[in-house]
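There are 2 protein chains.
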Amino acid sequence: MVTEAQTLGEVSEEGLLRSIFPFFTLQPGLLVGPGDDAAVLATSGRVVATTDSMVRGRDWLDEWSSAADVGAKLLTQNLADVAAMGGTPTAVLVTLMADPATPVAWARDLARSIGEGAARAGVAVAGGDLSSAPAEVLVVSITALGDLAGRQPVLRNGAHVGDTVAVRGTLGRSGAGLALLQRGGDAVGPPSGIQQQCLDHHRRPTAPLAAGVQAAAVGATAMIDISDGLLRDADRVARASGVCVALSGAALRPHVEALVPAVGDAAARECVLSGGEEHSLLATFPAGSVPAGWQVLGAVAPGSGVTIDGEPQQPRGWDHFHQ
Amino acid sequence: MVTEAQTLGEVSEEGLLRSIFPFFTLQPGLLVGPGDDAAVLATSGRVVATTDSMVRGRDWLDEWSSAADVGAKLLTQNLADVAAMGGTPTAVLVTLMADPATPVAWARDLARSIGEGAARAGVAVAGGDLSSAPAEVLVVSITALGDLAGRQPVLRNGAHVGDTVAVRGTLGRSGAGLALLQRGGDAVGPPSGIQQQCLDHHRRPTAPLAAGVQAAAVGATAMIDISDGLLRDADRVARASGVCVALSGAALRPHVEALVPAVGDAAARECVLSGGEEHSLLATFPAGSVPAGWQVLGAVAPGSGVTIDGEPQQPRGWDHFHQ
Numbered sequence: 001m002v003t004e005a006q007t008l009g010e011v012s013e014e015g016l017l018r019s020i021f022p023f024f025t026l027q028p029g030l031l032v033g034p035g036d037d038a039a040v041l042a043t044s045g046r047v048v049a050t051t052d053s054m055v056r057g058r059d060w061l062d063e064w065s066s067a068a069d070v071g072a073k074l075l076t077q078n079l080a081d082v083a084a085m086g087g088t089p090t091a092v093l094v095t096l097m098a099d100p101a102t103p104v105a106w107a108r109d110l111a112r113s114i115g116e117g118a119a120r121a122g123v124a125v126a127g128g129d130l131s132s133a134p135a136e137v138l139v140v141s142i143t144a145l146g147d148l149a150g151r152q153p154v155l156r157n158g159a160h161v162g163d164t165v166a167v168r169g170t171l172g173r174s175g176a177g178l179a180l181l182q183r184g185g186d187a188v189g190p191p192s193g194i195q196q197q198c199l200d201h202h203r204r205p206t207a208p209l210a211a212g213v214q215a216a217a218v219g220a221t222a223m224i225d226i227s228d229g230l231l232r233d234a235d236r237v238a239r240a241s242g243v244c245v246a247l248s249g250a251a252l253r254p255h256v257e258a259l260v261p262a263v264g265d266a267a268a269r270e271c272v273l274s275g276g277e278e279h280s281l282l283a284t285f286p287a288g289s290v291p292a293g294w295q296v297l298g299a300v301a302p303g304s305g306v307t308i309d310g311e312p313q314q315p316r317g318w319d320h321f322h323q
Numbered sequence: 001m002v003t004e005a006q007t008l009g010e011v012s013e014e015g016l017l018r019s020i021f022p023f024f025t026l027q028p029g030l031l032v033g034p035g036d037d038a039a040v041l042a043t044s045g046r047v048v049a050t051t052d053s054m055v056r057g058r059d060w061l062d063e064w065s066s067a068a069d070v071g072a073k074l075l076t077q078n079l080a081d082v083a084a085m086g087g088t089p090t091a092v093l094v095t096l097m098a099d100p101a102t103p104v105a106w107a108r109d110l111a112r113s114i115g116e117g118a119a120r121a122g123v124a125v126a127g128g129d130l131s132s133a134p135a136e137v138l139v140v141s142i143t144a145l146g147d148l149a150g151r152q153p154v155l156r157n158g159a160h161v162g163d164t165v166a167v168r169g170t171l172g173r174s175g176a177g178l179a180l181l182q183r184g185g186d187a188v189g190p191p192s193g194i195q196q197q198c199l200d201h202h203r204r205p206t207a208p209l210a211a212g213v214q215a216a217a218v219g220a221t222a223m224i225d226i227s228d229g230l231l232r233d234a235d236r237v238a239r240a241s242g243v244c245v246a247l248s249g250a251a252l253r254p255h256v257e258a259l260v261p262a263v264g265d266a267a268a269r270e271c272v273l274s275g276g277e278e279h280s281l282l283a284t285f286p287a288g289s290v291p292a293g294w295q296v297l298g299a300v301a302p303g304s305g306v307t308i309d310g311e312p313q314q315p316r317g318w319d320h321f322h323q
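Chains A and B, in that order, give the protein sequences. Its first residue numbered 1, the first sequence is counted upward by one per residue in the UniProt record's numbering. Its first residue numbered 1, the second sequence is counted upward by one per residue in the UniProt record's numbering.
FYI, nobody ran anything at the bench for these hints, they're computed from the structure. Yeah, the Cβ is synthetic: ideal placement off N, Cα and C, and Gly gets one too. You can trust all of the hints, since none of them are fake.
To give an idea of the chain B side of the interface with chain A (calculated C-beta under 10 Å), a few residues:
id	residue
1	A38
2	S44
3	S53
4	A91
5	M97
6	G128
7	A133
8	T143
9	S227
Turn these sequences into a full structure, and let the hints steer you where they fit.
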């Protein structure tokens, strides 16, 4: 019997697994779930696969993020990458590498959060791995699989001059939430409405998953999820496609203005341009075919890099070994 | 330009990735490889998926294992799990979470080793993730995907009374290699031939990958790869199938005798019964259908657990939080 007051070092691996498997609801495409050597999934002939990880002390701080926050965020990061290919996420594998002194409650909260988020997205938790790690180490890694249902994947390299650049979802909220936490966050008083939205999006970002399929269906020419900042991710599309992503200051302004009450003028602009972990989708569409719910941010132009109102921008944002 | 004398903290993430991508050879089924939001793979309708990780200080010690050893071993662990389902491994995703003080040379040796091993197995390195980690932390995680080519997966729960139990591959070599290292290993003098084989198998185990498909094709009723020790893994088959795995002492004896010159009598027996990380395949077959290259170890009997010559055995072996 596993209780939440125990540590991982005090329970058996199999006991812990038995106690968390109930958090993982079955999905029709999951033919063999956790508990065998590997999982087996039904696919339509092309499978999308991606992986992303979070490391305590680097990708989260326990003071700011609960186990449930970490699980929800890492799940979104992975599912957004599948969506950014035009795929429908179908399954995840979850790895926890933890100091044996980690409370069982932490591991169970993580698993419950991932299980709930996966169920909401119609995604199976198909398997995973559990390893002990040295003192203080806590690492979570997810691999997500998805299905293209016969469609071609939407890559980063297909943007054409004349295409329209559009975003689905918010800009800068996660970055603004992080800025608030770095300034002292909740400690300085109850956050305003927009501040709370930013804190929530930083801790548990959501991604417009269905919009990835929507974009693919109308012929999006390139797509990426904004994980490392608008400028940096737009620059990736520009470089892969051999074009310039020409953003409009007027189109960005409402995104900046929405954040000014949360973090002030200068930080709001910086968050919109360079805030990471947003997980909105940035795509390019043939002119005239931007689907409902997407906001136009500019156009694809000849040249290279990213501009705002014609001014070249230095891509800045998240680099894992240079923070 | 990335040089081997630098640390991960001194080079850009994208520079490092550019320097390791050439180690990953293309495979026909890889439709989109590393560098986009996710990879895309061709599959035949059912995909096998598994993940396994190694943590420095827990799963390896730098004194005993090079980066190339770690890469080769983790790759085998993952591919063996796909084989144990009767699948053909097709692709891996590789995650490295590393202290920025880690030498670039370590990361490149790891990537080269995984790339070379994957190429030998006809497996694509489809993508991965790179994260910084706190001081001293070094974690590698692989997710492997595989294809069933229309076959049913071979699970742990299909063993029937009367089936023959057989193994493909060695027993106890990795455990014996570990025992030698724990006793001082190479330091006490040049290892004998069998000792060197054990050290090699501990550092870079190989798995009989094609034998998984071979077993599935002739109707194996249950299969598992020996990752946590013969007794523990046989017990998993016994429990999942609701049967007793009845091993024969005479059939095990040659495996023990082969290791006696390496580690002595008592340790040889313990390694064969409980040594982990061997990655041989253990399967049950309808009587009379054991394929070539497999060695019979016993039979499936009514009852539960594992016996040797009728004596019940306590499954012992690797538990990640109880070593």
